[in-house]
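**Q** So the chains spell out like this:
There are 2 protein chains.
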Amino acid sequence: MTDQRHNGGGARPNIPASALSEMDRIAMLQTAHQAADLSRAAILPHFRIPITVENKAQDASFDPVTVADRAAEQVIRDHIARHWPEHGLIGEEFGLTRETAHVQWIIDPIDGTRSFIIGSPLWGTLIGATCEAVPVLGLLDQPFTKERFYAGAQGAYLQTPQSPQPRPLATRACASLENAVLTTTHPDHIQETADLERFYSLKSRVQLSRYGGDCYAYGLLAAGFIDLVVETGLNTYDIAALIPIVEQAGGKITTWEGEPAIHGGRIIAAGDPALHEAAMNVLANPFG
Amino acid sequence: MTDQRHNGGGARPNIPASALSEMDRIAMLQTAHQAADLSRAAILPHFRIPITVENKAQDASFDPVTVADRAAEQVIRDHIARHWPEHGLIGEEFGLTRETAHVQWIIDPIDGTRSFIIGSPLWGTLIGATCEAVPVLGLLDQPFTKERFYAGAQGAYLQTPQSPQPRPLATRACASLENAVLTTTHPDHIQETADLERFYSLKSRVQLSRYGGDCYAYGLLAAGFIDLVVETGLNTYDIAALIPIVEQAGGKITTWEGEPAIHGGRIIAAGDPALHEAAMNVLANPFG
Chain A
41 MTDQRHNGGG
51 ARPNIPASAL
61 SEMDRIAMLQ
71 TAHQAADLSR
81 AAILPHFRIP
91 ITVENKAQDA
101 SFDPVTVADR
111 AAEQVIRDHI
121 ARHWPEHGLI
131 GEEFGLTRET
141 AHVQWIIDPI
151 DGTRSFIIGS
161 PLWGTLIGAT
171 CEAVPVLGLL
181 DQPFTKERFY
191 AGAQGAYLQT
201 PQSPQPRPLA
211 TRACASLENA
221 VLTTTHPDHI
231 QETADLERFY
241 SLKSRVQLSR
251 YGGDCYAYGL
261 LAAGFIDLVV
271 ETGLNTYDIA
281 ALIPIVEQAG
291 GKITTWEGEP
301 AIHGGRIIAA
311 GDPALHEAAM
321 NVLANPFG
Chain B
41 MTDQRHNGGG
51 ARPNIPASAL
61 SEMDRIAMLQ
71 TAHQAADLSR
81 AAILPHFRIP
91 ITVENKAQDA
101 SFDPVTVADR
111 AAEQVIRDHI
121 ARHWPEHGLI
131 GEEFGLTRET
141 AHVQWIIDPI
151 DGTRSFIIGS
161 PLWGTLIGAT
171 CEAVPVLGLL
181 DQPFTKERFY
191 AGAQGAYLQT
201 PQSPQPRPLA
211 TRACASLENA
221 VLTTTHPDHI
231 QETADLERFY
241 SLKSRVQLSR
251 YGGDCYAYGL
261 LAAGFIDLVV
271 ETGLNTYDIA
281 ALIPIVEQAG
291 GKITTWEGEP
301 AIHGGRIIAA
311 GDPALHEAAM
321 NVLANPFG
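Taken in order, these protein sequences are the chains called A and B.
Position 198 of the first sequence, counting from 1, maps to 238 under our numbering, and the rest follow consecutively.
Position 92 of the second sequence, counting from 1, maps to 132 under our numbering, and the rest follow consecutively.
Please note that a few of the clues may not be correct.
Because identical chains cannot be distinguished in the list, a pair is counted as satisfied if it fits within a single copy or across any two copies.
Claimed, not checked - Below 25 Å or equal to it, Euclidean Cα-Cα: the simulated SDA-like pairs (lysine to any residue) are: (1) Lys243 - Val105; (2) Lys96 - Asn219; (3) Lys243 - Glu94; (4) Lys243 - Asn325; (5) Lys186 - Arg80; (6) Lys186 - Ala215; (7) Lys243 - Pro90; (8) Lys96 - Leu248; (9) Lys96 - Asp228; (10) Lys96 - Arg212; (11) Lys96 - Gln247; (12) Lys186 - Pro206; (13) Lys96 - Arg245; (14) Lys96 - Ala213; (15) Lys96 - His86; (16) Lys243 - Thr233; (17) Lys96 - Glu218; (18) Lys186 - Gln199; (19) Lys243 - Ala213; (20) Lys96 - Gly304; (21) Lys243 - Ile91; (22) Lys243 - Pro104; (23) Lys96 - Thr137.
Hint data in this document are derived by calculation from the structure and do not stem from the laboratory.
Keep in mind that this is a model prediction, so the values were computed, not measured.
Using the sequences and the hints, build the whole thing.
**A** This is the structure we're talking about:
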């Protein structure tokens with residue numbers, strides 16, 4: 041159990057209590073679980089089946105999208121809109137609805153579409169919500185392995201077929217880079233040369249680096265098996281749902297500038313806040 | 041169904057029929073399944089549990105091994121030795137037994153220990169066998185997802201909890217590099233600069249590259265979702281079990297020199313034999 045979990049129960053100090061009651065937050069997490077059940081059912085028939093892959097990149101790159109992404113986002117949006125018609129919605133495939141609402145649901149139906157289309161299970165459905173741009177819940181569902189990582193007002197949990205009773209997620213202590221496991225989804229996603237130099241400098245100081253993972257890597261960080269995830273170029277829908285999961289498991293997640301991660305960009309997540317500081321120092325002074 | 045599968049039934053022409061009967065091969069595959077059931081039970085209690093990781097590298101690198109690797113190899117070796125006492129055994133953790141026997145079992149209890157220790161499901165148990173250095177069966181078991189890829193004398197199959205009735209594996213047609221998905225476990229594993237240049241030249245010509253996967257990537261290639269896997273520095277126990285799975289699914293797997301893959305080294309697997317040829321040309325003439 042982490043400190044966050046012991047403190048659970050009351051609204052967190054940085055959330056305007058007037059805007060969202062504790063009961064609302066519990067009910068919203070329930071809605072997220074229901075939406076994830078629906079999206080799981082919408083996605084699975086398309087997984088590991090020959091599927092038409094469209095390229096939605098505007099340039100020469102490859103940014104795949106499939107009917108599974110669109111079907112899943114649609115069922116999630118429909119379910120949320122039915123239960124919380126006054127809330128806003130941001131989704132990777134269908135954009136913004138009611139963007140001035142205080143409460144926003146933020147959805148990536150398949151985070152890791154490239155993994156999805158090669159048959160790997162390292163992708164997931166992300167459903168998060170913010171109130172005044174502060175994350176209030178997050179859910180990561182892996183339909184094929186039937187794993188679900190989630191966090192609301194009362195701690196972060198993992199539910200699996202192997203352990204249907206949700207068990208608390210807790211990051212592991214790892215304060216020093218030389219003992220750390222670092223992941224990023226793919227070094228090619230780090231497009232700025234200066235950022236890549238910073239990343240490789242950090243990578244040279246850790247015990248083990250692995251590539252791949254997308255959202256799943258943040259789940260494994262929350263579960264205490266990865267110490268650092270470092271990425272660039274993320275969108276809000278790539279990260280919003282993961283912030284409460286990482287934070288309520290005891291980790292720290294920010295931009296490379298130390299700002300809130302909610303708007304995406306260059307992101308660093310650490311299981312141990314002391315490791316976050318050590319890694320931030322290297323990113324700031326890669327040749328130091 | 042692939043050509044190989046249509047031809048199934050008789051001993052393959054390059055296997056001395058006198059050395060191993062068709063009945064022996066069927067019985068050996070049964071032994072492999074039983075051993076994989078035992079190793080699955082031996083490994084799972086150690087997965088996603090904080091575990092002591094030893095570094096067995098002789099140099100400054102990190103080559104992890106755990107009690108799970110050793111426990112799994114022991115139960116596999118014991119089971120095989122009980123059923124086939126005259127056969128030889130080669131395992132990653134415990135070395136060679138009866139190395140002059142005509143029939144050799146080749147075992148990697150956890151291929152992808154680095155993935156295993158970070159909680160990713162992209163690792164597997166490999167159990168293969170050769171007769172006079174020709175692969176005669178192969179099995180890849182993923183204990184967490186309960187997926188099993190295997191091939192004996194009668195085709196390659198995949199068994200999953202989602203589809204308990206084994207279904208035939210078949211690679212997909214993809215003759216041109218520009219439409220291909222390429223994977224390798226980690227570019228850092230490609231230690232020779234010249235090899236890395238060849239790899240990156242190949243990577244620059246494909247539609248999509250992903251890193252990670254270890255043995256699991258060959259399973260996804262056999263299932264028709266990855267087109268090329270290119271690696272270096274493999275040992276015989278990293279690849280022996282995968283050769284029949286790839287070949288009987290319709291793919292082609294050799295060294296970068298075009299030699300049999302059974303001894304490991306620099307390995308290239310392609311789902312489409314025409315793609316194998318195209319990729320071999322780039323590896324041979326990376327700047328051509």
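**Q** Hint by hint, work out which the structure violates, then give me just those numbers in ascending order.
**A** Violated hint (a single one): 6; every other hint is consistent with the structure.
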